[in-house]
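K.L.:
The residues making up each chain are set out below.
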Amino acid sequence: GEDVEQSLFLSVREGDSSVINCTYTDSSSTYLYWYKQEPGAGLQLLTYIFSNMDMKQDQRLTVLLNKKDKHLSLRIADTQTGDSAIYFCAESMPYNTDKLIFGTGTRLQVFP
Amino acid sequence: NAGVTQTPKFRILKIGQSMTLQCTQDMNHNYMYWYRQDPGMGLKLIYYSVGAGITDKGEVPNGYNVSRSTTEDFPLRLELAAPSQTSVYFCASSIRDRGTEAFFGQGTRLTVV
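These protein sequences, in sequence, are chains A and B.
Letter by letter, the first sequence follows residues 49 to 160 of our numbering.
Letter by letter, the second sequence follows residues 2 to 114 of our numbering.
Hints are not guaranteed to be accurate.
[Said to hold, decoys possible] Selected chain A positions facing chain B (in silico; Cβ < 7 Å):
#1 Phe57
#2 Ala89
#3 Thr152
Note that these hints are calculated values from the structure, not bench results.
Yeah, the Cβ is synthetic: ideal placement off N, Cα and C, and Gly gets one too.
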């Protein structure tokens, strides 16, 4: 079945690294995504990883994929107050690569 | 670039009333979607469309209808509003050949009382 799970909250100090975790159940996912939602706004794509990769780095963002454990993580280095938002992971299905299954979202709170 | 535009931003409906949530995109995307986001939950797909004239049900289609007469527009219709439809609704669009990098509108917050 299709199910994507995330912890609901994460609180970090400004300047520290944040790690947001996600587990998914469908091992045949093709793409895995991280979206960011700021208050009162829609979702914005941050980064994505193809399922045959195990790591992707993009400036302060590092995505790690462990296919064996069906675990995806997003690491934000040098977290800033502007990173406070809800972060959603999502997976797309091989039989319909245009349907996204979203996790419940992790609310990241960055304090000074 | 306007991207994906949704109207209205907020709406309060009484039980049994009807309304249409508007969504338009100017990126010439084939695929368009409607999601609802309930508190503490992820996004649930209501309906989606792979092109003008083609629509299909998502995970939670009951109580909603859609149409796609043009590439740009994908309105969502609520015929008989119920309190369970109180939610934030997001419209999104994507280009198929780029996987599912979806571009989202700002959302419509709907309250049914």
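K.L.:
Run every hint past the structure and note whether it holds.
P.N.:
Here is what the structure says about each hint:
Here the hint on Phe57/A is broken, as its CB sits about 10 Å from the closest CB of chain B, past 7 Å. Look at Ala89/A: its Cβ gets to within about 6 Å of chain B, closer than 7 Å, so that hint holds up. Satisfaction of the interface hint for Thr152/A is found here, the shortest Cβ-Cβ separation to chain B being roughly 5 Å, below the 7 Å cut-off.
In terms of the numbered hints stated before, the structure departs from hint 1 and from no other.
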